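Given the sequences, and given the hints that come with them, work out the whole structure.
Protein chains in written order, with our numbering: chain W, -6 to 106; chain Z, 488 to 603.
Simulated from the structure, these hints should not be mistaken for lab results.
These numbers come from a predicted model, not from an experiment.
Heads up, the beta-carbon is just placed ideally off N, CA and C, and yes, glycines get one too.
Mixed in with the good hints there might be a few duds.
To be verified - With beta-carbon atoms standing in for the labels, derived distance ranges:
1) W/Ser2 / Z/Gly583: 47 to 53 Å
2) W/Ser77 / Z/Asn546: 33 to 39 Å
3) W/Ser45 / Z/Phe547: 26 to 32 Å
4) Z/Glu540 / W/Lys105: 46 to 52 Å
5) W/Asn61 / Z/Thr601: 22 to 28 Å
6) W/Ser(-4) / Z/Asp571: 42 to 48 Å
7) W/Asn61 / Z/Gln528: 21 to 27 Å
8) W/Gly55 / Z/Leu554: 38 to 44 Å
9) Z/Lys500 / W/Ser45: 42 to 48 Å
Unchecked claim - Not close to chain Z: a few residues of chain W, all C-beta gaps over 10 Å, as computed:
10) Val6
11) Thr65
12) Pro72
13) Ala85
Residues per chain are reported as follows:
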Amino acid sequence: AQSVTQLDSQVPVFEEAPVELRCNYSSSVSVYLFWYVQYPNQGLQLLLKYLSGSTLVKGINGFEAEFNKSQTSFHLRKPSVHISDTAEYFCAVSPHNNNDMRFGAGTRLTVKP
Amino acid sequence: ETGVTQSPTHLIKTRGQQVTLRCSSQSGHNTVSWYQQALGQGPQFIFQYYREEENGRGNFPPRFSGLQFPNYSSELNVNALELDDSALYLCASSRGQGIVKGAEAFFGQGTRLTVV
Chain W
-6 AQSVTQLDSQ VPVFEEAPVE LRCNYSSSVS VYLFWYVQYP NQGLQLLLKY
44 LSGSTLVKGI NGFEAEFNKS QTSFHLRKPS VHISDTAEYF CAVSPHNNND
94 MRFGAGTRLT VKP
Chain Z
488 ETGVTQSPTH LIKTRGQQVT LRCSSQSGHN TVSWYQQALG QGPQFIFQYY
538 REEENGRGNF PPRFSGLQFP NYSSELNVNA LELDDSALYL CASSRGQGIV
588 KGAEAFFGQG TRLTVV
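What follows is the structure in structure tokens.
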């Protein structure tokens, strides 16, 4: 079975500062990796995904993530955040051989002016 | 192209009752997945339907059941409701066999179920 650990439950940061949201996973099989964002009272929106190939993945809204197989990590980064980036962020993994997508508990990013 | 829509948006039920939640998938999508998101937690996979058949199931008891219709819309049914079933229920649609092929899943806004 797979599991996902998001190391920070809350990350406060000032506007225009860089941010990194950390995600580690464990799995006995190869996985796809995802980051989703959830705004209040809304569903999840895909930010980016790693399926194969280049380990540096660029997504929407200026976010990027790097897959590190040896450290089983998929940290999300943005060089300069905006107030509008305030939301809950979820890391997720899905094994190549079934549909059981596992989500982390989420990281609440709060961007302060 | 319409997005994923879920109904109702909010629902209050009494313990022991049954509930049906509905999801209309995005145009052109034939795969629907359901997730339960308890307060302060990440979504948990309930099951997935592909072309009207169950195509994977998470660790949920049989009182959680579903259907997918020929137009690819879907229902989630929960029998004998328990207080711990209170959560946001999310539906996601995708094209093809969903996550297995790495296809992007588009989420609805969810149904907030409260069991009292």
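10 Å Cβ clearance of W/Pro72 from chain Z: Its Cβ never comes within 10 Å of chain Z, the nearest being 24 Å, so this holds.
CB of W/Ser(-4) to CB of Z/Asp571, is that within 42 to 48 Å? 21 Å, violated
If I claimed the Cβ atoms of Z/Glu540 and W/Lys105 lie 46 to 52 Å apart, would that claim hold in this structure? The hint (46 to 52 Å, Cβ to Cβ) holds, given that Z/Glu540 and W/Lys105 are roughly 48 Å apart.
Status of the stated non-contact between W/Thr65 and chain Z (beta carbon gap over 10 Å): 18 Å, holds
Can you let me know if the beta-carbon spacing of W/Asn61 and Z/Thr601 is within 22 to 28 Å? 41 Å, violated
Does 26 to 32 Å hold as the CB distance between W/Ser45 and Z/Phe547, or does it fail? At 30 Å between Cβs, range holds.
Looking only at beta-carbon atoms, does the pair Z/Lys500, W/Ser45 fall within the given range of 42 to 48 Å? 43 Å Cβ-Cβ, so the 42 to 48 Å window holds.
Going by Cβ atoms, does W/Val6 stay more than 10 Å from chain Z at every point? Holds: least Cβ distance 21 Å, greater than 10 Å.
Taking the Cβ atom of W/Gly55 and the Cβ atom of Z/Leu554, is their distance within the range 38 to 44 Å? 40 Å, holds
Over 10 Å to the closest beta carbon of chain Z is the bar; see if W/Ala85 clears it. 8 Å, violated
Cβ-Cβ distance between W/Asn61 and Z/Gln528: within 21 to 27 Å? 25 Å, holds
A range of 33 to 39 Å was offered for this pair. Does it hold for the Cβ distance of W/Ser77 and Z/Asn546? 36 Å, holds
Checked against the numbered hints above, the structure violates hints 1, 5, 6, 13; every other hint is satisfied.
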